[in-house]
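Chains F and U supply the protein sequences, listed in that same order.
As numbered in numbering that gives the first Met the number 0, residues 0 to 596 make up the first sequence, in order.
As numbered in numbering that gives the first Met the number 0, residues 0 to 841 make up the second sequence, in order.
By construction, these hints were calculated from the structure, which means they are not laboratory data.
Among the hints, erroneous ones may be present.
If you want the ones that stay clear, here's a sample from chain F, every Cβ over 12 Å from chain U, calculated [unchecked claim]:
{"hint": "1", "residue": "GLU32"}
{"hint": "2", "residue": "GLY85"}
{"hint": "3", "residue": "GLN99"}
{"hint": "4", "residue": "GLU152"}
{"hint": "5", "residue": "GLU452"}
{"hint": "6", "residue": "LYS456"}
{"hint": "7", "residue": "ARG461"}
{"hint": "8", "residue": "GLU462"}
{"hint": "9", "residue": "GLU482"}
{"hint": "10", "residue": "THR486"}
{"hint": "11", "residue": "LEU490"}
{"hint": "12", "residue": "VAL494"}
{"hint": "13", "residue": "GLU496"}
{"hint": "14", "residue": "GLN569"}
Computed spacing ranges between beta-carbons, pair by pair [to be verified]:
{"hint": "15", "chain 1": "F", "residue 1": "GLN489", "chain 2": "U", "residue 2": "ARG161", "range": "32 to 40 Å"}
{"hint": "16", "chain 1": "U", "residue 1": "ARG767", "chain 2": "F", "residue 2": "GLU560", "range": "52 to 60 Å"}
{"hint": "17", "chain 1": "F", "residue 1": "GLN489", "chain 2": "U", "residue 2": "GLY32", "range": "43 to 51 Å"}
{"hint": "18", "chain 1": "F", "residue 1": "ALA278", "chain 2": "U", "residue 2": "GLY484", "range": "30 to 38 Å"}
{"hint": "19", "chain 1": "F", "residue 1": "GLN489", "chain 2": "U", "residue 2": "ARG15", "range": "30 to 38 Å"}
{"hint": "20", "chain 1": "U", "residue 1": "ARG15", "chain 2": "F", "residue 2": "TRP313", "range": "50 to 58 Å"}
{"hint": "21", "chain 1": "F", "residue 1": "ILE247", "chain 2": "U", "residue 2": "ASP396", "range": "44 to 52 Å"}
{"hint": "22", "chain 1": "U", "residue 1": "ARG212", "chain 2": "F", "residue 2": "GLY295", "range": "53 to 61 Å"}
{"hint": "23", "chain 1": "F", "residue 1": "PHE170", "chain 2": "U", "residue 2": "ASP446", "range": "36 to 44 Å"}
{"hint": "24", "chain 1": "U", "residue 1": "ARG15", "chain 2": "F", "residue 2": "ASP271", "range": "47 to 55 Å"}
{"hint": "25", "chain 1": "U", "residue 1": "GLU150", "chain 2": "F", "residue 2": "GLU560", "range": "53 to 61 Å"}
{"hint": "26", "chain 1": "U", "residue 1": "GLU269", "chain 2": "F", "residue 2": "GLY295", "range": "21 to 29 Å"}
{"hint": "27", "chain 1": "F", "residue 1": "GLN489", "chain 2": "U", "residue 2": "ARG247", "range": "51 to 59 Å"}
{"hint": "28", "chain 1": "U", "residue 1": "ARG767", "chain 2": "F", "residue 2": "ALA278", "range": "51 to 59 Å"}
Because the structure is a prediction, the values reported are computed rather than measured.
We put the beta carbon where it would ideally sit given N, CA and C, even for glycine.
So the chains spell out like this:
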Amino acid sequence: MKTYRSYCMVCAGTACVSNRSFHIKEALEREIEKQGLQDEIAVVTTGCNGFCAVGPLVVVHPEGIFYQQLREEDIPYVVEEHFLKGRPVKRLMYSPPGEQTPIPKMNDIGFFKQQRLIALRNRGLIDPERIDEYIARDGYFGLAKALKMKPREIIQEIKDSGLRGRGGAGFLTGLKWELTRKAKSNGGKFVLCNADEGDPGAFMDRSIVEADPHSVIEGLIIGAYAIGANQGYIYIRNEYPLALKRLIIALEQARNYGLLGKDILGSGFDFDIKIVRGAGAFVCGEETALMASVEGRLGEPRPRPPFPTEHGIWSKPTNNNNVETWANVPSIIRRGAQWYSQIGTETSKGTKVFSLVGKINNTGLVEVPMGITLREIIYDIGGGIPHEKAFKAVQTGGPSGGCIPAELLDLPVDYESLSEAGSMMGSGGMVVLDEDTCMVDIARYFLSFTQDESCGKCTPCREGTKMMLHLLKKITEGKGTEEDLETLEQLAHEVKETSLCGLGKTAPNPVLTTLRYFRDEYEAHIKEKRCPAHVCRQLNTYRIDPDACTACGLCRKECPEDAISGGKKQPHLIDQQKCVKCGICFDVCKFEAVCID
Amino acid sequence: MGKTSKTVQINMDNQRLEVHRGLTILQAAESNGIYIPTLCAHQDLSPFGGCRMCIVEVEGMRGFPTACTTPVEEGMVIRTKTSQVQAERKEILQLILSEHTSSCLVCDEKVECKEFMGTIRKAGVTTGCRYCPNDDQCELQDVVDYLELDEIGYPVYYRGLRVEKEDPFYDRDYNLCILCGRCIRVCQEVRAANTLAFKQRGRFTVIGPAFDRTHMEAGCEFCGACVSVCPTGALSEKARKWEGKPDREQITTCALCGVGCQMRLLIKGEKIIGSLPAQDPVVNSGQLCVKGRFCVTELVNHHRRLRKPQRHQNGTEVELSWNEAIEAAAAELSVCAPKQFGMLISPNCSNEDLYIAQKFARVAMGSPNIDSSTRTFYGHGFSAYLDLFRQSAPLADLEKSSDILCVGLDARFGRSVVGVALRKAMKRGARIVTINPRPHNLALMADIWLKPILGAEAGLLRSLVKMTERKNSTSRTRAKGQGRGLTQDLLTVAEMLKNAHSPAILVGSEFLQHDKSWQIFELVGRLAQNVGARILPLPAQNNLLGSILMGTYPEILPGGFSSADEKKARQFKKSWSVNLAQFSTGWNASALSTGPRLKVLYLIGENLPGFDQLADFTIYQNIYSPDSPTVDALVLPSAAFTEADGTFINGEGRIQRVRKAVNPPGDALPDWEILCRIARKMGKKGFDFSSAGQIHREISRSVMNLGRFHRPKRKPVPLTWQGRVNVSRPKPSGKVKDGKQIPFLLHASSAEHVYRGFLLTAFVEGARQIFPQDMVDINPKDAQKKGISQGDAVVVSCERFQETWTANIVDEQPPRTLHVTLHQSASLGANPHRVKVKKKDV
Ligand SMILES: Cc1cc2nc3c(=O)[nH]c(=O)nc-3n(C[C@H](O)[C@H](O)[C@H](O)COP(=O)(O)O)c2cc1C
Ligand code: SF4
Ligand code: SF4
Ligand code: SF4
Ligand code: SF4
Ligand code: FES
Ligand code: FES
């Protein structure tokens, strides 16, 4: 490959693309050509860098200068200043919130500094649509090594690495492979990659596939060889068109290079991969539902045992792993279990990708070593809570994870600690909540998601979550009784213990954890008919502060019930008898004159 | 370890048990008498694990595994009734009941209400206020009782869904549904009909055909399998609603077609309130078709049932006692010369009835004139059709068949149990080919649909026969008058049959009334020989073979011997000690309207239009009153198949018991008994029978061994007979004069939903929806050209007839063809007919 003086890595992850990063790329190419620099400066498109909040972004290598929030108009200036005159443009660099001095280099930015990249090791560094760039960064070396090993040795290596499933339950990957390898079959075995990623707000898997599709494919080939499968499936959700496109390209390239198909790399091993596009329901990510869906049946979970390792797709032994799990495999084989198992904690090895969203400054995608504390993630990487609000809790593990309170900020992030705290690793969602969040309302919000997504097959989940949601609504509307609280708690345990699949078994987590850490908020709603965070509108009393009111009349106009009276230059007044607590006056007042008692 | 590798040792509720490996915990419990409450599990269906009622504790397993889905393992320690398990079950049950209209289940007055039938409504009735048609037969109630639930701790939210009543035979009230999915599974797994699915998700889940179609549109066969497995009252049979729990059951054989399904009649008091499939492994494997499942009750309980003998004379009807009626009959018959007597009997009757009927004609009346209207149903292909039985095989052989050719078969409503067997064979990998010019239910599932041009069916079969002849491997034979694509398909099918290791041919009814039916059946026979296929003819009449073997045709003697067989004739004459010049004189049913007028016509289970005009005097013996007021007849009430003992011989040649379940209504008697009484009154010998069993013994002794009456033979009897029923070729099909217009081709089938000469649609409400009457199927394009819309009255005519029917527009009806289904007595002669069609002027 030709080498250049500089490389402009233009982020072409989904978020940056929707922020016009392809226009940035074109502008760059245009300007570079205009300046006659095309033989010195290369423009490369990459997958998501994780810091989507400040996109579209471009990183200039080898220095690692990080440009953010670029607009097309900026490009001629950047090219002229940076590439022609060698003066990186300060105003387009990133400055941490509340600070003035920009940080020029990517690796000096807090968001990136603490990360440790294994699954995402190629992010931002290669063009995901070119297999050569992947190979140039040691891609498929793991596979070449694996094909010289005995399947048993590969499985042992994965077991020794301590790798656990990144899709939810954290099952030991090597053990799962071994079970599938040992299962008897009268007609083949399958490997499956779960790229359904149904958690709202989570985009770890999408990002891996977009940034480095070959890492997943290489993982699957190694796994298939170790397990003895000749057919693989990648089940990817339909809402991920870019990831899908890159996957299709990558598979085609791998086939052309003899990495898929018959007699892979002359080893005599045959294997190929089919893509199955997901229908979109959250529950389809549950592996038994996923397998039914691969077969073309209704994506509905079924009880286990029998486990998929014996009775999977078409009733044949099937090893299913999450995208991130597969993406870790090539590095483990290439660098050895010894290396991998040094990262992380006693029981949770390696790194984990999280998507950081909610009330946090640096939203985005981060890969961190296991055992890092929540505080480090939220404050060091995430840059803390915006507007100097207080941190209240973090919801980990997706909509059916739990809410971990501020007291536990120093909790190390690993499978065991999270589940002891009543939450879970899940697939890696992290929603940060600040002081303005009502914990009853947030439990209601998450539950309403899972309840909508319940497939309806089993009684506890279908009926139980419906009932729980009903009780939560009652409480947020101020109609709850102490008995309701008891029923709610009992139901939550019931649903958790008796539901058929993981969805029902975890759906009560937000309720159970908020009851555990924020019971006083529930009690305030019930006993005092008060929402401490002023979120539950039915519990608020709206009042106009006569000193702040400028008598602009806006609230009077907007109030749907004509509950507000007042004339010119006269402080306005809310008639509490008429007020239906819609909160519109609070929202519209430009002078913060409407207060909540 | 268990003693053998086939078993495992487990510990359940502190009992050490040795059970089969591969069983679920639930199965292991049930086979050891340990009760675990269940709602979604069903012995015939795959495990589902949805209701969560069967949760148990297993040492070493997290949470509460469900007994119905978890396989037993060596050394498993299972506890089925710990207090925690019971408490969880109670909670789950309450959740189920929180949206189930269930106040009765937990009502304070529950016990008293049942006992005294008091009502909280201030009405002058003592009915109780039970909301569910399934009351007392509901599995949900059983579980409520078992768990002693007397209160629902959650707010109750009924779903308020509309009760669905628009489809025939059963209603659906999904407010009572607990989403156990049994109906879906039975429809998919057992019936392979795939009518039902879960619609929507989560709390909105409901059951029904996908895409909001009605059951009718979704291809439902109305087999009722879903209704049978529903644990609640969500699916309820219209005809049985509110009948309550039966007091007893009787196993018998269905009399509505030649498959001969084994069924359980549900009886309350002296009334049949329902019919369900019996678990019979050889014929119907626990399935029924819509006729057996849903039509029997209404058929046998209809208000048109005859209860007393009657004398009809010029529009007056006088009720008679049996003595008076027998005397009147004997008086007329005693003075009737053998030649002036004629008798027709329906093949719906039992062997015992049939045997006595022919004996009555031949011995008591000394007349050869016995026949059946079956002759007209089958037409001139009758003997060729009967010849197929010589190569026939039992239905169970479908399980072994690799390649199955279906000739003129539709298995949606009638014979749907055969459809089920076909779909099972398909799942197993068998290939299915269907020959039929018209849309039919196998068209969708078959691998290849050979669709001959209407009227060219024989040509197509001839090509197949040629292509499969050993020597002729050139295979270039072009099917006459068939398109190129079809020729390709024909070659494929011929190759397939030639190479098949175990081919079978199923013969339905589509081509029976065809002007080439004789050739068609002969060709089917040859094809079977060419490729070594077994043949399974599927007769429409339950006891067609009985009528042949009992000899109720002028050409055929009991045992199937030809009446021209001098030696046999002599034997019978001797054993019956009759003096009869000739058994065969050439008279048959078709002579009724054309031949010399009879003095007495005796009809048993037969219903001919204007029958009282065909002879001077008619004895009409049947279960329903005649269709129109009769001029002069003796009307005798007989017993339906649910009310008399006897045997049938189904299409496989299997002797099957029919058992009396209830007494016949009023004074009605079994056919054989009426005949015997009259014969005795006439002073004839050889009619001293007091039970069907005695007749059966005489048949076995003097005609053919039918096995023991109370325990009929397991294996089918060999179907060889010498007698041939000769039916002359009918008049050539009609012609039209319509200028230069190419005529339409009309195919008229004879209805098969017939019992004792009557269409089921006359008595069964739902049957009218699935067996459209006087509806003529027409292609949409043709309809448009002729300005005809769905439901219009249309006139179909040719030189010989002019009929007015209702238009039914069917997408798949081949262009310029028409199809109609008629009662056999309204038969137009052999198909196809060249006709013209127009919208009726108003
Ligand atoms: C409701 C539900 C949704 C799930 N969705 C996903 C998903 O989107 N992606 C995923 O990898 N695993 C998902 N899982 C977990 C899978 O069932 C399975 O455990 C996982 O794919 C196994 O891979 P791993 O061992 O590599 O983690 C889901 C589980 C449940 C219960
Ligand atoms: S737990 Fe919920 S999603 Fe899972 S099977 Fe039951 S109803 Fe379906
Ligand atoms: S909108 Fe605000 S400032 Fe204006 S009148 Fe209403 S309360 Fe006063
Ligand atoms: S009646 Fe039979 S075919 Fe129709 S839905 Fe029920 S099981 Fe399926
Ligand atoms: S209709 Fe009956 S069988 Fe079907 S799911 Fe509902 S309760 Fe179960
Ligand atoms: S898409 Fe560019 S940083 Fe995520
Ligand atoms: S009977 Fe086992 S879950 Fe329903």
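> Looking at the structure, which of the earlier hints fail to hold?
Replying inline: 5, 6, 7, 8, 9, 10, 11, 12, 13, 17, 20, 22, 25, 26, 27 and 28
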